Amino acid sequence: MVSGALGKIYHDGEEIIRQGNTGESMYVVQSGRVEVLQRSDNGSEQHLAFLEAGNFFGEMSVFEKEVRSATVRAAGEARVLKIDKKTLLRRIREDPLLAVNLLKTMSHRIRALNVEISRHGDTRL
Amino acid sequence: MGFSSETSIADAFADLGTDSVGESELRDGSRIAVVGGGPSGSFFSYFLLKMAEAIDLELEVDIFEPRSFKYCGPAGCNHCGGIVSESLVQILAAEGIVLPDSVVQRGVESYVVHMDVGDVAIESPVHEMRIAALYRGNGPREGGDTPLESFDDFLQGMAVERGARVVRQLITGVQWQEGMPRLQFADHSARTYDLVTVAAGVNSNFLKLLDDHPAGFQPPKTTRGYICEFRSTEEEILDILGSSVHVFLLDIPRFEFAAIIPKGPFATVVMVGDDLDEELVHAFLNDPVVRRTFPTNAVPCVCSCKPLINLGARKRPYGDRIVLVGDSGVTRLYKDGIGAAFRTGKAAATTAVFHGVSREDFEQHFWPACKRIVNDNAVGRIMFATNAIMKNSRLTRRTMLRMAQKEQDREGARPHMSSLLWNMFTGSAPYTEMFRGTFHPGFIGNLLLSLGSAVLPQRKKPKNANVKSSEA
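Chains as they are written, first to last, in the numbering used here: chain A, 32 to 156; chain B, -15 to 456.
In case anyone wonders, no lab produced these hints; they're calculated from the structure. This one's a predicted model, so the numbers in the text were calculated from it and none came from an experiment. Ideal Cβ positions, reconstructed from N, Cα and C, are used throughout, including at glycine. Take the hints with a grain of salt, since some may be wrong.
With a Cα cut of at most 20 Å, we get these calculated SDA-like pairs of lysine to any residue [to be verified]:
#, chain 1, residue 1, chain 2, residue 2
1, A, K117, B, K205
2, A, K39, B, E107
3, B, K355, B, F419
4, B, K34, A, A130
5, B, K205, B, D258
6, B, K34, A, N132
7, A, K117, B, A372
8, A, K117, A, L129
9, A, K39, B, L222
10, A, K116, B, A170
11, A, K113, A, R49
12, A, K113, A, S75
13, B, K34, A, R49
14, A, K113, B, K355
15, A, K116, B, L222
16, A, K113, A, E97
17, A, K117, A, T53
18, B, K299, B, A362
19, A, K117, A, V146
20, B, K205, B, N189
21, A, K96, A, R49
22, B, K205, B, A369
23, B, K34, A, K39
24, B, K34, A, G85
25, A, K117, B, S108
26, A, K117, B, K290
27, B, K192, B, L222
28, A, K135, A, E76
29, A, K113, B, L222
30, B, K355, A, R121
31, B, K34, A, R122
32, A, K113, A, G85
33, B, K299, B, F419
34, B, K355, A, D126
35, A, K135, B, A170
36, B, K290, B, V186
Computed list of chain A residues with no C-beta within reach of chain B, every gap over 10 Å [what the hints assert, rightly or not]:
#, residue
37, R49
38, R64
39, S71
40, L79
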């Protein structure tokens, strides 16, 4: 991995954001892979997804003042770029079409979640 | 059950596509000529085709670019310092555009300000490499053996992937027939287009072909800059300059500012000044402050040029079926030209796809994006004039240095001066925002305290190893 490249390098298992913490940035994977995990009430961690170059995470904190809903860790060495809330919202105000890119990914995630819920419901039946 | 009277997001997007259906809108098969395949032309083409695809509109886009950015040296060069600002790197990432490692010659995490009274390193507020130092073309003359990839070539590739066609044909004339632009070529052929987007920069002869256009395009005010490429080994450049851009505030007559940017085995010197000539370049390169930072006498200069730099906006960078983006039209004062190319290119593409290509369409939907830059540049002129006054006095140079040093030394200190210098040099924030920051009581208070302490001689050396002072 190039040391002079953009973003910050996270080593295998290193935490990038933690569930329950507050945050005001979203992140875009530049290279490598990160793992999204969610902690359940009994303390165990459930794997939600792997994200690769070009994928983003942490966007919910940009749009609402809630704590992080998941933990994200590097899966192997990963390079991740942080995007400031202020920079992003300023640009969305000038160019609302930028939000479409984010909406598209969020829409995919809701669709995937719906499929997951429906599958879970079927299993219970 | 009731209905909300508020406009939904879906309604808002539906409006985008329907509010201006008329004779000037683009239809399936419409042809667009993009004159210039640099960042503004490529951003325009990329977003135009991306948005057109989203609404099932099929367009034909020809990018006229006689050069190939795969060549190193002047043949593939676009005469630019080659910095992608912190804000643009983030916005590109949010747009899903990840700059490849092969294009980014060095990620920048700090700026070092050099003055005769000392130096101060200003770290990135997030301690992360979010500024990209890169080459617009394929690197300097004699750089053919280095593994460089051109930024302009990368962007052009994105536009081509979306369906644009690169045409290596020289345009010799522009005619208007029944309100439609018709381009004439060196082989005496001609082609009519529905829209011509001019993205040719300020160094192109194409702009002279528009002199007779009824819109009466006034050329923007320009000045000459100086760019020089020094070559060594990657290790030596890294050893001397690190991952920092080095900027110079020196009291040399006619000198505005200069920067040295590390890029792999090269170091790019970018300089701006009044009536820039050999004498001024010589004075800068031989200044002791520059020499102690970079051995300009020992490392060979392999490529240099004096390109024109856009200093102001065209009064009206659009007309019926023609729009000027990037440096050809409106750009940011001294900084973030690539960011301005992105903003104006995307604004022109959005207007063309969702509204139309008439003069009125561009005035209503494209000009506001340009106007924001124009208004911000007006504030930028005040900032640079203030900077010129401050850098010409030893007392104010010491004040700036001490205030920034204190902020960098003290963890948790609010970085008033550091933020101002960071944003001034990186072009990461609008000039208006920087100007507003100078009215913060904390900024004024600390400036006055630093001014007081600058009158007194410095008693101790700074703790931070990154900070040097030549006063002790």
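(request) Tell me, in ascending order, the numbers of any earlier hints that this structure violates. (result) 1, 7, 10, 12, 13, 14, 15, 19, 23, 26, 27, 28, 29, 33, 35
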